[in-house]
Amino acid sequence: MNESFRNIWTILKRELTGYFASPVAYVFIVIFLLLNGFFTFMLGGFFEAGEAALARPFFNWHPWLYLFLVPAAGMRLWAEERRVGTLELLLTMPVTAWQAIVGKFLASWAFLALALALTFPVAITVFYLGNPDGGAILTGYLGSLLLAGAYLAVTVATSALTRNQVISFILSVVICFFLILAGWEPVTSLLVRWAPTDLVELIAGFSVMPHFASFQRGVVDFRDLLFFASVITFSLFGTSVILRNLRGA
Amino acid sequence: MIQVDSLIKEFGPKRAVNGVSFTVNRGEILGFLGPNGAGKSTTMRMITGYIPPTSGRVRIGNHDISEQPIEAKKLIGYLPESAPCYSDMTVYGFLRFTAELRGLKGAAIETAIAHVAGLCFLEGVLHQSVDTLSKGYRHRTCFAQSILHDPEVLVLDEPTDGLDPNQKHEVRQIIKRMGQTKAIIFSTHILEEVEACCTRAIIIDRGSVVANGTPNELKARAENAGSVSLRVHGVAAEALRSRLNSLSIAGKVSVQGDATTVLARVAPRDRSIQGELARAVAEVVLKEGWKFDELHTEEGRLDDVFRSITLPDSVKARA
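Those sequence lines, one after another, are chains E and C. Just add 7 to the spot in the first sequence (first one is 1) and you have my numbering. Just add 2 to the spot in the second sequence (first one is 1) and you have my numbering.
If you are wondering where the hints come from, they were derived from the structure by calculation, not from laboratory data. Predicted model only: the values in this text are computed from it and were never measured. All C-beta atoms in this analysis are idealised placements derived from N, C-alpha and C, irrespective of residue type, glycine included. Please note that the accuracy of each hint is not assured.
What the hints assert, rightly or not - For lysine-lysine, the following PhoX-like pairs were computed, each having C-alpha atoms within a straight-line distance of at most 25 Å: (1) K254/C - K289/C; (2) K178/C - K137/C; (3) K137/C - K170/C; (4) K107/C - K20/E; (5) K20/E - K289/C; (6) K107/C - K137/C.
Unchecked claim - In silico negatives: residues of chain E with every beta carbon more than 12 Å from chain C: (7) Y26; (8) L42; (9) R83; (10) A220; (11) D228; (12) L243.
Said to hold, decoys possible - One-sided excerpt, in silico: chain E residues whose CB lies under 7 Å from chain C: (13) A28; (14) S29; (15) T93; (16) N138; (17) G142.
Between the sequences and the hints, there should be enough to build the whole structure, so can you do that?
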């Protein structure tokens, strides 16, 4: 067990330093923060709402923001290994595929967590201007982090599918887009008109939106945690299957 | 140390490796030869556990690579064909990463890196990004990675590919030195390399082993192995031929030359005679008082053996 943790840690460290060894990390963080600011203060109507909360003006945009930024951060994880051929090197080391998958996923997730943490001035602003519900802000951040994790896990899987980062990016955007749309209110209200309610609810159950929404209301429901954990586990498991097939054929 | 048993690999309908078996013991350096696409790399990938075989077994030490992959992989050092490296890392960072995955700790990592950096002449570029290195350096970085943990088993896929002659020489020296105590298998297209470092060679063609023996045994399979070449002055070609033909142990005699020098090649009637033919020819030369420039027994060239074994029949017919 000790050895698996050490391997995961070694791979995690490598991936994380990999982000900062190139301008990718800095470009990503700057764009993430700029877009966050733009959405919150310009489109989100942060000041106009006159409300000391972050849910609507800030977190509400995250499913859409992450839709493009998370695949961009994760698309290289396996695709690059495949393109350069280091995959062969990595998988002939005394390391299991699982350790490599988890190490890479956690590294990327930690990177996204860092970018998210750097939005703290927004939180400071609400606290300065008003008297917000601190708990709701905290659960909002937790939900946002889990959402990023779910998208990222999908990206990890699509990244293992191809040696081309662009294809990996597009595939994960499409899948994540489905994860939004399936339970996005405007879409479900359309579906309800011609599909049975049970079916619509079933489809919506696959969506990140309802699960993400409850975190914004300040609620940490076990079912929501379970949902995000299952999406992540399922995608990472899919990745291991993809990698195994890749080596088998 | 390495035990390969009737290994088969199928990619869809195509059989890339077809029942390859061999063993490599400690202290042996096995040269793995074959034309492009013969299945060398696929075999090596199965030995190192990168791809699972369709059927057959690979044992590294006491571990089956499919059943105890982690234990088996710990014993192996592997240089893949394209010598891939993480290009966003420095040479030092890359070696450190592989050392940690290999389970080295603390001071042992620094010692190991310093050691292989010295062996592979990487000291000067240790803190340079892999991105900025020339191909030779990148290749040696990946090679350094494979010997970093002083493995019992080394699997090297074209270790000297893309190196300059000096670097090739160095890498061969390292392989030779390590081969005294380890089991090494390496593939190459350079046949002199096999003669220079291998204790044994295997030729594989279209997925099957077609020859397996020491370099000398393989060379003896060449068509002209054991024949005697003689170059003389001032003797008519026909006279030379008929005189040599009269030797009882001589087989086919061929002569070619101009007015001043003639080169004769005498094939032995029976391949098993060693040196006897050369002595017989020498006696004739002395008796006749011919002036000669050259008299030697052909060893046979690995190139010729390789070609005669691996050329498709259609190409042979044309040649």
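Against the structure, the hints:
no.: 1; hint: K254/C - K289/C; verdict: holds, 21 Å
no.: 2; hint: K178/C - K137/C; verdict: holds, 23 Å
no.: 3; hint: K137/C - K170/C; verdict: holds, 13 Å
no.: 4; hint: K107/C - K20/E; verdict: holds, 15 Å
no.: 5; hint: K20/E - K289/C; verdict: violated, 80 Å
no.: 6; hint: K107/C - K137/C; verdict: violated, 30 Å
no.: 7; hint: Y26; verdict: violated, 9 Å
no.: 8; hint: L42; verdict: holds, 25 Å
no.: 9; hint: R83; verdict: violated, 10 Å
no.: 10; hint: A220; verdict: holds, 38 Å
no.: 11; hint: D228; verdict: holds, 39 Å
no.: 12; hint: L243; verdict: holds, 20 Å
no.: 13; hint: A28; verdict: holds, 5 Å
no.: 14; hint: S29; verdict: holds, 6 Å
no.: 15; hint: T93; verdict: holds, 5 Å
no.: 16; hint: N138; verdict: violated, 46 Å
no.: 17; hint: G142; verdict: violated, 40 Å
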